[in-house]
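With chain A fixed as given, assemble chain B onto it according to the hints.
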Amino acid sequence: MIQALVFYLFAAIAVASGVMVISARNPVHAVLFLILAFFNAAGLFLLNGAEFLAMVLVVVYVGAVAVLFLFVVMLLDINYLKLREGFLQYLPTGGLIGLILLVELVMVYGGWTLSPEAPLSAATRIPAASAMSNTDALGRLIYTHYIYLFQASGLILLVAMIGAILLTLRKREGVRKQSIYRQNSRTKASSVEIRKVQSGGGI
Amino acid sequence: MSEFPNLVPALPELFMAGSALVLLLVGVFAKKDLTAGLSALAVFVMIVACALVPAAGAAHAVTFSGLFVVDGFTVFTKLLVLVAAAFALAMSVNWLHKERAERFEYPVLVLFATIGMMMMISANNMISLYLGLELQSLSLYVLAAFQRDNAKASEAGLKYFILGSLASGMLLYGASLVYGFAGSIGFDDLAHAFAHGAPIGVVVGVVFILTAMAFKISAVPFHMWTPDVYEGAPTPVTSFFAVAPKVAAFSLLVRLLIGPFGELVQQWQQVVIFISIASMLIGAFAAINQKNIKRLMAYSSIGHVGYALMGLAAGDEAGIRGVLIYLSIYLFMNVGTFAVILSMRHKGRAMENISDLAGLSKTHPAMALWMMVFMFSMAGVPPLAGFWGKFYVFMAAIDKGLITLAIIGVLTSVVGAFYYLRIIKVMYFDETVEVLDRGVGAGLGVIMAVNALLILAFSFVPMPLISSAGAAAAALFRG
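Line by line, the protein sequences are chains A and B. First residue of the first sequence: 614, per the numbering used here; consecutive thereafter. First residue of the second sequence: 193, per the numbering used here; consecutive thereafter.
Derived from the structure by calculation, the hints contain no laboratory data. By construction, the Cβ of each residue, glycine as well, lies at the ideal position given by its N, Cα and C atoms. Take these hints with a grain of salt, some might be off.
Partner residues are not named here, just some residues of chain A that face chain B (Cβ under 7 Å, in silico) [unchecked claim]:
#1 Q616
#2 G631
#3 I635
#4 L754
#5 Y761
#6 A765
#7 L768
#8 I769
#9 V772
#10 I775
Same shape as in the complex, but just chain B:
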């Protein structure tokens, strides 16, 4: 008989899963629609989980027969995922109400997706990786398509589903190749098996797994679903897609490449460098011509993924620290920008074009000011936080001798600055065409302000973030 597994490391996930089931039951049996109330409760559940995560992952621990791992790295990325998901859920309540799209399953599915992401982050085995990934993806497919009457949303959901299943298939194929050559699927066993190099079949398997993960973080050349899905999906769902799943998939990619495949760095580094360069280029150039701000954000996120991959390409502790800093700053910039997009309404209708922001500085000075902070930060204008994010990944790449990569990164961020600055120009120097509605939601204004202030805080007091990201990266390398 085996022992009862130690449940403490998985406490946040267990708590969230239990709460999700309770919320589901309440929603099913309630007589009237409780979407707003359940969303508030789900946000509360995530906040409680935020408190549980550091307690559960205080020290490196493995449980469930080695399938589940927690350490400083998982704590850091799980907190990012929880914060991103909580913000996205908090922002959607108002929108769902205005669009008359309230379904009580929405907060429940967001909770399940978040549990899936946390399982991905804590995966210590190919099967737990796959199951976490599927739990996350399945919830996201449904969320993308949940507005059934909207043809674009249905198209987005279907597209995301088909390409996502393709990616899952590639992941499974790669994992089966790796299993065939190593005889094991546990990350610790794999690291042990590949300690002295690996046969060519394993490299093929690793490339397949990398491809699947590139799909999930929407890195070029596996990015083609991103603009369509971002544009078609309901805006609050897009704001969820843009951050939390990427952080989770990134964390998983980092753990895979540093942990079990850490000795194959020669092999995977060239792939990561290639997708990093391609993502930065496409992110910079394809975004220039976009009229729709959600599509623009899609290309912008592809570009940001490219920069973050640069830190991974370095493959050392400084590089991973850079990735974590980049992802944290990316989170707050994106949440803030989506709060602005969600506030764009004209006579009650949601607006999505960049030109709709014209003259925002005169009609909504506060919103324009916050948006300016986000855009300057995304462009990487010093001394704002976005600059520091780029600075640390560039430094890590240069220290590793990846000079070409860093130069391309700097050049593409100059190109990228064009379309971020264009938004500021539209807001501050163009004539107002249609006045956006006022008082779309006090909550959104608060979220914008909080995120902008957090970015300003990072810009001038960067040390707390840098040291905690450093500790998280160190925890990954120690294990």
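The shape of chain A in the complex, shown without the other chains:
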């Protein structure tokens, strides 16, 4: 009962904030609604017992992706009102595509057949939900069965990092950079000068 109630709460807010994302006038508000939608989706995952997915959604999508969006929206000087002109003009086409997609999804759902052995083979690979939390299960898989793929992904990310640095980092002259070492090694003698000030004279 409570579960159903919470489900409808999360689902309704998620859908409503999804609508707000595309209809909000202010792009910053749109991104904030996007974050709200992510949070509600995470709640839905939690309800289904996928707590790892819920946490990843919050950490990755809210923590990184949405905040990045926010930065881009705030930093770029784009006239959003101009960008949104003709929004209604595209509505019929967009709506039609959405409708076709919906029909397709319904047809896929209607024509869905599973091979008879599929539930069986799926069941053999999944431990019982009560025996193990899914974070635990994922961790066990990633660090044992799929260690090779895990390490390979690490190498790919390293190459991506090297590439980003190689393609963008350059030495520039005349940049005032902060040097923590120089800041910390300043002494009183080198930075403070004590003068006698005559009263009424000034320096």
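Same frame as chain A, but now just chain B:
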């Protein structure tokens, strides 16, 4: 608890990955630029890996829960990739120095790309295939664009990146279709699942995967990036692109089509025949009008891919043996030709036009002689090695009854001979216009000579190569 995986089969990759990390750290913390030293070390790492590969892959072995496979076939192609990468890296040091483009990341990225290729070759699962492919491609995208101030190189990098990601997307889509119908992504499971034919959805998936692989080996009709990227990328990077990634992608394609999709030969054979014919035609005719020698090499490589695909179209052990022989000979011809291209400098500036070679026989007789060997071999003039490469793929195709394919192959290689012979004509019979610099690098001269002598050795003593390629192909079919 699962057991600790057996690391021995992956020893060369582990060694190279560790070394790459060490080289990266040394490069980052060194006070001055160490590109030349790190490149030499990276070449050394590849040579050590060459010694490790046969030891690690002595027998058929699967490790990391079935994600990684080694056998005679992987040993053969990994050695080809390592030799190609080592030559390409050795050739770049001099060029990077002359162009003032020394970045210590260069040898590190080449090492990572090579690791990616070796992972592709050893892939035994769709995910390990994809990760190997991405490691390789990502390193190559960066290498293509690493000369940031050069507009052409940046364009080449961007083009390669966009089309490469498109190909990766197609690969993933195809793999997901195959997974949806088979319920597995391990190559052994897939072969088992398709033992008695497969539904139409799987065929669609296989075609998508073939498309992605055709992108990677630059086979027609997915070749359009090749000339621009070859021309725009820095020349040593082009010499790397032209051989090692193609050998790796070819090896992966062969393993996919013979292993998991071996029973679908009726379905994929027609696709392979089509891209083989199209590649041979475009490779032969589009190259005729090229002025830039790097573009010419791009079209030439498209043509060569077409010939090698002919062996794959045959789909039997003799055909795969032909592919391996072809790729090995292609490697040495291409490395040698790129050594010549890298030596083309006039007053310190790199030259890229075919006309710049005019009168080379009078000013640089040795270089002209080696180039003549490479060109005759590429054209497939008997008794040079290139002829034997073509001979074995043609024979395999004819034995399988693919007569039309073989006839088109012979005709296009006659057309192709025109532009290879034109280079020889320019070198030997045209008047010198601008004298190319002397002493551009003793190392390049040595590499040219070594490759030319290897080609001559293959031409007259072909048996060692043929028997080892045969053993590698047999290892693939036994597994």
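Cross-check of the supplied hints:
no.	hint	in the structure
1	Q616	violated, 31 Å
2	G631	violated, 26 Å
3	I635	violated, 25 Å
4	L754	violated, 9 Å
5	Y761	holds, 4 Å
6	A765	holds, 4 Å
7	L768	holds, 6 Å
8	I769	holds, 5 Å
9	V772	holds, 5 Å
10	I775	holds, 6 Å
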